[in-house]
Structures are given as C-alpha cells and as structure tokens.
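Read in full-length UniProt numbering, the sequence shown has 219 at position 219, and its numbers run on one by one without any break.
Don't read these hints as lab results, they were simulated from the structure.
Hints are not guaranteed to be accurate.
What the hints assert, rightly or not - Across the chosen pairs, the derived CB separations fall in these ranges:
#1 V204 x S421: 55 to 65 angstroms
#2 L105 x R359: 19 to 29 angstroms
#3 L292 x P42: 47 to 57 angstroms
#4 R485 x D558: 16 to 26 angstroms
#5 A122 x T85: 52 to 62 angstroms
#6 V204 x Q140: 44 to 54 angstroms
#7 A207 x R423: 54 to 64 angstroms
#8 E233 x V262: 46 to 56 angstroms
#9 L105 x P189: 27 to 37 angstroms
#10 R485 x V583: 31 to 41 angstroms
#11 P42 x E585: 43 to 53 angstroms
These figures come from a predicted structure and were not determined experimentally.
Note that CB positions come from ideal geometry on N, CA and C, so glycine has one too.
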Amino acid sequence: MTNAIPVTSEPGAAAARGLRLSLGRRLLGRLFGIREAAWLAPLLVPYRLPVAALLVMSFVSAGAALVPPWLTKLVIDEGLMARDTSALVFYVGLMFVFGLGALALGAVNSLVHLRFSARLLADLRRAAVARILAQSPRWQARQKIGELMSRLDGDAGEVQQFAFAALVTGAGSVLRLLGGLVMLFVLAPKLAMLALALAPVELVFFARARPVTHARARAVRAARGVLASGLAETITGLAALRALNATRSAAGMIEERQQGLVRALMSAQMWGEVTRAVPMVLTAMVRGAVFLVGGMAVIDGTMPLGSLIAFTAYLGFLIGPMQSLISLWHGQARMKAALDRLDEIMSAAPDVSDPADPRPLPEGGGEVAIEGVAYGPAGQPLFTGVYVKIAAGSKVRLDGPSGIGKSSLLSLLQRQDDPFSGRICLCGTNLRDLSLHDLRSAVALVPQKGHVFSGTLGQNLRLGRPDASEEAMMDALRLVEMEDRFFDPGDLLSEERAPAPHGFETPLGEGGLDLSGGERQRLCLARALLQPFRVLILDESLSEVDGTRVARIMMRLDDCFGDATRIVVTHGEPARYGGFDRVIELSAFSAMKGGPQ
Numbered sequence: 001m002t003n004a005i006p007v008t009s010e011p012g013a014a015a016a017r018g019l020r021l022s023l024g025r026r027l028l029g030r031l032f033g034i035r036e037a038a039w040l041a042p043l044l045v046p047y048r049l050p051v052a053a054l055l056v057m058s059f060v061s062a063g064a065a066l067v068p069p070w071l072t073k074l075v076i077d078e079g080l081m082a083r084d085t086s087a088l089v090f091y092v093g094l095m096f097v098f099g100l101g102a103l104a105l106g107a108v109n110s111l112v113h114l115r116f117s118a119r120l121l122a123d124l125r126r127a128a129v130a131r132i133l134a135q136s137p138r139w140q141a142r143q144k145i146g147e148l149m150s151r152l153d154g155d156a157g158e159v160q161q162f163a164f165a166a167l168v169t170g171a172g173s174v175l176r177l178l179g180g181l182v183m184l185f186v187l188a189p190k191l192a193m194l195a196l197a198l199a200p201v202e203l204v205f206f207a208r209a210r211p212v213t214h215a216r217a218r219a220v221r222a223a224r225g226v227l228a229s230g231l232a233e234t235i236t237g238l239a240a241l242r243a244l245n246a247t248r249s250a251a252g253m254i255e256e257r258q259q260g261l262v263r264a265l266m267s268a269q270m271w272g273e274v275t276r277a278v279p280m281v282l283t284a285m286v287r288g289a290v291f292l293v294g295g296m297a298v299i300d301g302t303m304p305l306g307s308l309i310a311f312t313a314y315l316g317f318l319i320g321p322m323q324s325l326i327s328l329w330h331g332q333a334r335m336k337a338a339l340d341r342l343d344e345i346m347s348a349a350p351d352v353s354d355p356a357d358p359r360p361l362p363e364g365g366g367e368v369a370i371e372g373v374a375y376g377p378a379g380q381p382l383f384t385g386v387y388v389k390i391a392a393g394s395k396v397r398l399d400g401p402s403g404i405g406k407s408s409l410l411s412l413l414q415r416q417d418d419p420f421s422g423r424i425c426l427c428g429t430n431l432r433d434l435s436l437h438d439l440r441s442a443v444a445l446v447p448q449k450g451h452v453f454s455g456t457l458g459q460n461l462r463l464g465r466p467d468a469s470e471e472a473m474m475d476a477l478r479l480v481e482m483e484d485r486f487f488d489p490g491d492l493l494s495e496e497r498a499p500a501p502h503g504f505e506t507p508l509g510e511g512g513l514d515l516s517g518g519e520r521q522r523l524c525l526a527r528a529l530l531q532p533f534r535v536l537i538l539d540e541s542l543s544e545v546d547g548t549r550v551a552r553i554m555m556r557l558d559d560c561f562g563d564a565t566r567i568v569v570t571h572g573e574p575a576r577y578g579g580f581d582r583v584i585e586l587s588a589f590s591a592m593k594g595g596p597q
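Let the sequences and hints guide you as you build the complete structure.
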C-alpha cells in the first residue's frame with residue numbers, strides 16, 4: 001500500500017505536464033504554424049516565467065489606464081461643475097499619483113521586455129546558426145551567404161518581436177478593450193451600441209486584407225535576401241571583379257536588385273497606408289457620431305459634460321485596442337512570411353550529427369581504413385567501392401585528376417559529410433561512433449582555401465585550440481616560416497612580446513585580405529598544427545607557396561610529426577613534398593570504373 005501513492009501520482013504529474021505541453025503547442029501552432037512550433041516551442045518555454053511577469057504587468061497597466069478617464073469625469077462633474085475646490089484638488093492629486101505610477105510601471109515593463117526579448121533573439125539566432133553549422137558541404141553549396149544573413153538578422157528579429165508582442169501586447173489590448181467596453185456601457189449604453197457598430201466593419205475589411213499583407217511582406221523579405229546575397233558576393237569577389245574589369249557590371253546588378261527591393265517596399269508601404277487609412281476613416285465617423293449624439297444629450301441636460309468627455313476617452317480604449325489586435329493579426333501575417341524563410345533553415349535535417357552514445361577515441365595512432373565507400377557532393381557518386389587502408393604514421397599522397405573527388409573523400413575523414421555507402425574507421429572505430437569534436441580534433445584538415453577571420457593573430461591561431469600557449473603558437477609559426485611576418489627579429493630574442501599591433505596582437509582583416517595567398521595558407525597550416533591530431537590532411541594546402549619553402553616546411557613537418565599519419569594532395573611537383581610511403585590513385589575508384597584495388 002505504501003507504494004500506491006507514488007505509482008499513481010507520477011502518471012498524474014506526467015499527464016498534467018503533457019496536457020500543459022499539448023495546450024502550449026496548440027497555442028503556438030495557431031500563432032506560428034504546426035511545423036514551426038515544433039522547433040520554436042523549446043526556445044520559448046524557458047521564457048514562460050518572464051512572459052508571465054510581463055503579462056501581469058500588462059494587466060496591471062491596462063487596469064490602471066482605466067482609472068484616469070473616470071478621474072477626469074470626477075474632476076469636471078464633482079469639482080469644476082459643482083464648484084467644489086477640495087474635490088478638485090483631491091481628484092487632480094489622484095490623477096498625478098496615477099500618472100507617476102503608470103510611468104514607473106511602463107518603464108519597468110519596457111526594460112523587462114527588452115531584456116528577455118533580446119535574449120530570445122539571441123537564442124533564436126544561436127539555434128539557427130547551430131543548424132547551419134551541422135550541415136554538410138552539399139547543403140552549403142546550395143545556399144547564398146547574403147540570403148542566410150538576411151534570415152538570421154531580419155527574419156529572426158521579426159519572429160522575436162512578434163513572439164513577445166503577441167503574448168504580452170495582445171493580452172493587454174484584450175483587457176483594455178473589455179474594460180473600455182464595460183465603462184462605455186456604464187456611462188451611456190445607447191452611445192456604446194453606436195460605437196460597437198465599428199467592430200464588424202473593421203473585422204471584415206482586415207480579414208480580406210490580411211492575405212495581401214502576407215504576400216507583400218514575403219515579397220519584401222525575398223527582395224532583401226536577393227540584395228543581401230548580391231552585396232555579399234560582390235564584396236567577397238572584389239579581386240575577381242577588378243581582374244575582369246567588371247566592377248561596372250557588378251554595380252549595375254546591385255542597382256537592379258536595389259530597385260527590386262524599392263519596388264517591393266513601395267508596394268508594401270502603399271498597402272500599409274490603405275490598411276491604416278480605412279480604420280482611421282471609420283474611427284473618425286464613429287467619433288463624429290458620438291460627439292454629435294452625445295453633445296445634443298449634454299445640451300438638453302440628459303448627460304453630464306464630464307460623462308461625455310470620459311466616454312470619448314473610453315472610446316479610445318475600445319478603438320485603440322481593437323485596432324492594435326487587428327494590427328497584431330496583420331503583424332502575424334508579416335511574421336509568418338519571415339518565419340517561413342527561417343523555417344527553411346530550422347527544418348533542414350542535419351546531414352551529419354553526433355551519435356546518441358559516442359565512443360571515446362580509441363587507443364593507437366592514426367590508422368585509417370576506408371571500406372567500400374561511395375560518395376559524390378551533388379548526389380551522384382564521384383567514386384565508388386573505395387577500399388584503402390593507411391597505416392598509422394605513414395605519409396601518403398592522394399592522386400588523381402581535378403574533379404575526381406579527392407577533396408570530397410578527404411572531407412569524409414572529418415565527417416563533414418557521410419558516404420552514400422561503406423564506412424571509414426579510425427584505429428578500428430567507425431567514424432560514425434565518435435563525437436564530432438573528438439574526431440575533428442584527431443583529424444586535422446587544411447584545405448587549399450583556408451579562411452582567416454577578422455581579429456588578432458593570436459585569436460586566429462587559437463580558434464581550434466583556445467588553450468594554446470604563446471610558446472606553442474610561436475613554434476607553429478616558426479615551422480611554417482611566418483615568425484618574421486609578425487615579430488621583429490629583436491622581439492623574437494626578448495622575453496616580452498612587442499605591443500599591438502605587432503606580435504600575437506597583430507590585427508588581421510576579414511578573410512585575411514591583408515595577407516598574400518601563400519601567407520594565408522601558411523597561417524592556416526600553423527593553426528592546424530596546434531591541434532592534437534593523429535591524422536594531418538594537406539589538401540593543396542601550400543599550392544601558393546614557393547617550392548623551396550614548401551620543401552623546407554614539409555621536411556620540418558616530417559621531423560616533428562613523423563608519428564602522425566599524413567595525407568597530401570598536390571597538383572604541383574610532388575618532389576618538393578619529400579618522399580611518400582605510398583601513392584593512392586583515386587581514379588582507380590572512379591564511379592565509371594568501380595571495384596576495389
């Protein structure tokens with residue numbers, strides 16, 4: 001019997017949690033869409049307490065806002081019209097106190113709203129960036145940088161703003177609307193019925209206008225993405241444009257895309273003016289009717305002047321919140337256009353992910369076994385039936401004509417993507433069973449076009465090894481013959497490093513454009529050498545470095561990392577890379593030929 005309570009209470013608690021989750025997802029599904037709510041709900045759930053606090057403050061603000069119009073009525077009717085000085089002073093004082101309280105509450109509400117909505121935006125972008133980072137080169141090849149930036153910036157911001165506005169602003173508007181409606185009927189029931197005639201007309205209009213709002217908002221978002229993509233391509237391709245004498249053509253393409261955005265913005269703005277003008281005209285008609293009918297009642301003495309003034313104030317509580325809710329409804333259409341674009345990132349299943357229960361890195365060196373692997377970046381296999389075993393500590397050259405798939409095969413060793421069939425093992429363990437972090441620490445890949453990030457030299461070197469010491473970084477720079485580029489000879493002999501902008505504090509521009517091509521390649525190699533790798537892959541990594549220097553660098557690599565497996569791809573003179581234990585011809589595994597060798 002003692003076990004009966006826990007056994008029955010646990011399912012009940014689980015059922016309650018499931019019910020709350022189900023209700024929450026239904027609400028989010030209504031606002032954002034069923035599929036979108038599936039990935040958006042986990043981001044919103046941590047903010048349920050701040051949102052609840054904002055809701056409480058919103059309700060308090062809405063309730064407090066109902067008081068001043070009533071106080072205005074009392075000031076006029078009980079103070080001015082009754083010529084009661086004490087009543088006048090008392091009610092004016094109350095108005096002042098309520099005004100200060102509303103100001104303080106509004107400031108607190110605004111600060112809390114900003115704090116947590118900014119955090120939500122950061123979480124939303126973090127989740128989208130994580131999803132992008134989990135994608136393979138195949139997915140990346142189909143994307144445009146500017147388009148992705150537009151979605152991470154503008155579209156994510158639109159979703160974040162609506163997420164808080166819908167829950168907080170909408171709730172406050174509902175309370176003000178209901179409170180204002182009650183006060184209208186308290187003051188003048190017949191006039192209240194006249195004011196209510198506005199609601200169905202506005203609802204019909206906005207119901208018909210909403211699909212147009214969604215379509216034009218989506219057109220603006222798409223035009224912004226096209227422009228952002230063009231700008232990003234132009235900036236990153238400046239050198240090529242200058243070499244082709246194509247800067248005017250590029251400027252013309254940017255201008256064409258800019259004009260497309262202007263047209264989309266103008267169309268959306270014109271429609272926005274229409275959706276604002278119609279309710280304003282309707283509101284003016286209702287206000288005019290209220291003043292006409294109410295004014296006649298004041299003249300014939302059936303309605304106090306203060307009541308009419310208070311009624312017009314509460315009329316704003318009916319009209320303003322109703323238009324806010326309708327605008328929020330249209331805002332949901334604009335947000336949905338942004339969310340649809342963001343969903344294309346969030347709903348993309350990652351091509352590569354960590355195993356549910358990753359195995360630790362196996363003991364041993366860098367033995368690599370490629371067993372029956374087929375792969376191709378465009379979905380069509382470049383090679384198939386690849387069977388290769390590379391002994392730990394050996395130095396091999398991967399050979400084959402351009403386009404045969406050498407870089408694609410080497411990217412599989414880091415699980416940047418997975419093969420269509422077959423498997424790859426490191427020291428006898430399938431790469432799919434290892435965590436991506438452990439694998440990519442053990443297998444260092446230096447591509448032909450390594451990327452240098454904006455920041456200091458030290459920040460770039462420590463990207464893959466944040467705890468790298470200055471001594472280790474200096475050793476890596478010496479190995480690739482880069483120490484003289486960032487340190488004066490006198491600084492190399494002294495214990496103190498030179499102050500910025502020299503030494504490890506040397507600022508590097510975005511993409512390393514302030515370095516030569518060979519310097520960028522050598523810096524990227526130095527960065528990889530700081531990794532605790534077992535396998536080092538050089539994929540045309542020194543193609544822009546002179547042959548004499550390449551020979552010296554490779555000699556040092558063989559001396560310092562002779563126990564690591566080294567895989568080299570080069571279309572240049574292979575002799576400058578030193579001797580190889582083995583040459584693997586990838587063309588023997590071409591998809592046209594197939595078969596193991």
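Hint-by-hint comparison with the structure:
1. V204 x S421: 55 to 65 angstroms: 59 angstroms, holds
2. L105 x R359: 19 to 29 angstroms: Violated, at about 56 angstroms.
3. L292 x P42: 47 to 57 angstroms: This hint holds: roughly 55 angstroms between Cβ atoms.
4. R485 x D558: 16 to 26 angstroms: 23 angstroms, holds
5. A122 x T85: 52 to 62 angstroms: 56 angstroms, holds
6. V204 x Q140: 44 to 54 angstroms: Holds, at about 47 angstroms.
7. A207 x R423: 54 to 64 angstroms: Check passed, 57 angstroms falls within 54 to 64 angstroms.
8. E233 x V262: 46 to 56 angstroms: The hint (46 to 56 angstroms, Cβ to Cβ) is violated, given that E233 and V262 are roughly 20 angstroms apart.
9. L105 x P189: 27 to 37 angstroms: About 31 angstroms separates the Cβ atoms of L105 and P189, which means 27 to 37 angstroms holds.
10. R485 x V583: 31 to 41 angstroms: Given about 33 angstroms between the Cβ atoms, the range holds.
11. P42 x E585: 43 to 53 angstroms: 49 angstroms, holds
In terms of the numbered hints stated before, the structure departs from hints 2 and 8, listed from lowest to highest.
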